[in-house]
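Hints in hand, dock the two standalone chains.
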Amino acid sequence: DGGITQSPKYLFRKEGQNVTLSCEQNLNHDAMYWYRQDPGQGLRLIYYSQIVNDFQKGDIAEGYSVSREKKESFPLTVTSAQKNPTAFYLCASTRRDTGELFFGEGSRLTVL
Amino acid sequence: DAKTTQPPSMDCAEGRAANLPCNHSTISGNEYVYWYRQIHSQGPQYIIHGLKNNETNEMASLIITEDRKSSTLILPHATLRDTAVYYCIVRFAMNRDDKIIFGKGTRLHILP
Chain A
1 DGGITQSPKY
11 LFRKEGQNVT
21 LSCEQNLNHD
31 AMYWYRQDPG
41 QGLRLIYYSQ
51 IVNDFQKGDI
61 AEGYSVSREK
71 KESFPLTVTS
81 AQKNPTAFYL
91 CASTRRDTGE
101 LFFGEGSRLT
111 VL
Chain B
113 DAKTTQPPSM
123 DCAEGRAANL
133 PCNHSTISGN
143 EYVYWYRQIH
153 SQGPQYIIHG
163 LKNNETNEMA
173 SLIITEDRKS
183 STLILPHATL
193 RDTAVYYCIV
203 RFAMNRDDKI
213 IFGKGTRLHI
223 LP
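If you read the protein sequences in the order shown, they are chains A and B. The numbering used here numbers the first residue of the first sequence as 1 and each following residue consecutively. The numbering used here numbers the first residue of the second sequence as 113 and each following residue consecutively.
Chain B with its partners taken away, still in its complex shape (with noise of 0.2 Å):
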């Protein structure tokens, strides 16, 4: 099963910010969570990861609670290519190749 828990569908309008949540509630010490995104019939696409502390690159921040209990993937202005499926996992990231399992992530809507 898939440690990670998502809405199953969101909507943002246009030139908004997208807040993105994810439940990993039994999150160990050492996983990172990553967040991928998935357009229509294409592979999936890394976007972001990180351990404890918020995480911001060219596409998105990352916000992790203090307890790693959860987090929040922000798209700062969305725009219509952002329509996609987000994907939140729970991962070792250095030097442990183990089984990665995907949940149903969420279908995100940009609207005009």
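So that you can see chain A by itself, here it is in the shape it has in the complex (with noise of 0.2 Å):
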């Protein structure tokens, strides 16, 4: 079946190391996202990528890094740079016909 998978669901790490999130697609998609959630709150871009080799940065990409060498995958590195790195992580990408966003289902990182 054709979809996103976001890996670790959850993920544990102490304060002042850096980790990767993976996100993988087989849906052909050329644009993929990063979001963050905080409890109660919207979803916030981080990055955005619209095509292999290329990304831009939303609107909260400071302490975050990704590159998208691959079309499957786009994944997102949290540095130790981001001063509140505990969040709910999202990422999606768009079908280009419909512009529908199609999303992972999330990965889960605590900072300790």
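Bear in mind the hints are in silico, worked out from the structure with no lab data behind them. It is possible that some hints are incorrect.
Claimed, not checked - Per the computed footprint, the stretches of chain A lying under chain B, defined by three or more beta-carbons under 8 Å from a beta-carbon of chain B, are:
1) 35-47
2) 69-83
3) 95-101
4) 104-111
Every value quoted in this text rests on a predicted model; they were computed, and no experiment measured them. A virtual CB, placed ideally from N, CA and C, is assigned to each residue, including glycine.
Written out as structure tokens, the structure is:
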């Protein structure tokens, strides 16, 4: 079945450590997105990529980095520079003809 | 900033129609209105989208005002499983993989 796979689902890290969240899609979508969600809040855009080897900052990119070396993959690194990394992270891709966003199940990061 | 505003929360009795409003007064002529919903701790799920005309699918109906400055999502016979946060967003649909900004959405409570 086609879809978006995020891993790990839950992740615990010590403060000061970099963490990489995986996002893989087999939908053949060009564009991919990373969002952050805090409790009781909406989704905030971190980074997005419209095509391989290209990506743009969203509204809250500070303390995060991404790469897009393959169409299928868009990993997000939460660096030690991110002041409050504990959050729920969602990856998405868009179907070009309809603009519909497909989301993964999310990764919940807790920094201790 | 999000291009849409929604009430933070709404209640609806089970079995009744749930009408969720969305204001998008700065929408441009080529932008579509999309609705998603998010059940607790899952990725958002696409519901419906439209440009000018009213739309209906198996999940919901979308009513867009003639001036396109607002819209209403209608869940015709709400069930307890419709309890979720509903997001209204505006974006270009085809061949435009741009920034996709979410607001805080409306938390819909279906009352038994």
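Hints, one by one, checked against the model:
Judged by the Cβ-Cβ criterion of 8 Å, the region 35-47 of chain A is covered by chain B as claimed, because 6 of its residues qualify and three suffice. For the region 69-83 of chain A, the stated coverage by chain B is violated: 0 residues have a C-beta nearer than 8 Å to a C-beta of that chain, whereas at least 3 were required. Judged by the Cβ-Cβ criterion of 8 Å, the region 95-101 of chain A is covered by chain B as claimed, because 6 of its residues qualify and three suffice. Under the rule that three or more residues need a Cβ within less than 8 Å of chain B, the assignment of the region 104-111 of chain A holds, with 4 such residues.
In this structure, only the earlier hint numbered 2 is contradicted, and the remaining ones agree with it.
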